[in-house]
Amino acid sequence: MKKIRIIYWIVTGLFLFVMVGSAIPDVLVMEMAVQGFKEMQMPAYLLPFVGVAKLLGTIAILVPGYPRIKEWAYAGLIFDLIGAVYSVAASGKSIENWAPMLLFVALGFASYYYYHKLQKAKELNTFNANLSHNKTGNTLQPML
Numbered sequence: 434m435k436k437i438r439i440i441y442w443i444v445t446g447l448f449l450f451v452m453v454g455s456a457i458p459d460v461l462v463m464e465m466a467v468q469g470f471k472e473m474q475m476p477a478y479l480l481p482f483v484g485v486a487k488l489l490g491t492i493a494i495l496v497p498g499y500p501r502i503k504e505w506a507y508a509g510l511i512f513d514l515i516g517a518v519y520s521v522a523a524s525g526k527s528i529e530n531w532a533p534m535l536l537f538v539a540l541g542f543a544s545y546y547y548y549h550k551l552q553k554a555k556e557l558n559t560f561n562a563n564l565s566h567n568k569t570g571n572t573l574q575p576m577l
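Take the sequence shown: its letters are residues 434 to 577, numbered as in my numbering.
Note that these hints are calculated values from the structure, not bench results. Remember, it's a predicted structure, so these values are computed and weren't measured experimentally. Please note: incorrect hints may appear among the correct ones.
As the list claims (entries may be wrong) - Pair by pair, the computed Cβ-Cβ distance ranges are:
| hint | residue 1 | residue 2 | range |
| --- | --- | --- | --- |
| 1 | 435 | 476 | 44 to 50 Å |
| 2 | 526 | 461 | 19 to 25 Å |
| 3 | 461 | 565 | 50 to 56 Å |
| 4 | 553 | 512 | 45 to 51 Å |
| 5 | 457 | 554 | 17 to 23 Å |
| 6 | 557 | 526 | 43 to 49 Å |
| 7 | 554 | 532 | 46 to 52 Å |
| 8 | 528 | 474 | 41 to 47 Å |
For glycine and all other residues, C-beta sits at the position ideal for the given N, C-alpha and C.
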């Protein structure tokens, strides 16, 4: 479980670093973000909304507990990234401009995968601990 936890936090840290790094220019409506939206023929008034949504998603992933909210946060951040890749590609930009963004999508999927792997490992540890406490001699008590 230690190896899974380490991989999870490395991948998740990188993923969330990218998401916060892309959210800050959106929230602050920085010229770089406005120019990017303009080049894709998208309205700049969406920037703060998208930026705040990204920040809330990263917070939801970092806060312990609340598994359903984490699921929604992962979905929202992945949709944001896939939508960004599609928008940049559809706006006529060359593959060099949007293909590297697929790495961020992969980081998101890896974080999500290891999140679930870590949850299953925790459940298994809890189950094994409960199982060992229920032993009476060499037999197990039936769980009714």
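A quick look at each hint next to the structure:
Evaluation of the 44 to 50 Å hint for residue 435 and residue 476 yields a pass: the beta carbon distance comes to about 47 Å. At roughly 23 Å, the beta carbons of residue 526 and residue 461 sit within the given window of 19 to 25 Å. At roughly 53 Å, the beta-carbon separation of residue 461 and residue 565 lies within the given 50 to 56 Å, and the hint holds. In this structure, residue 553 and residue 512 break the distance hint of 45 to 51 Å, their C-beta atoms being roughly 25 Å apart.
Remark: the range hint 17 to 23 Å for residue 457 to residue 554 is contradicted by a beta-carbon distance near 33 Å. For residue 557 paired with residue 526, a C-beta distance near 45 Å keeps the hint of 43 to 49 Å intact. For residue 554 and residue 532, the Cβ-Cβ distance of about 34 Å falls outside the hinted range of 46 to 52 Å, so the restraint is violated. At roughly 19 Å, the beta-carbon separation of residue 528 and residue 474 lies outside the given 41 to 47 Å, and the hint is violated.
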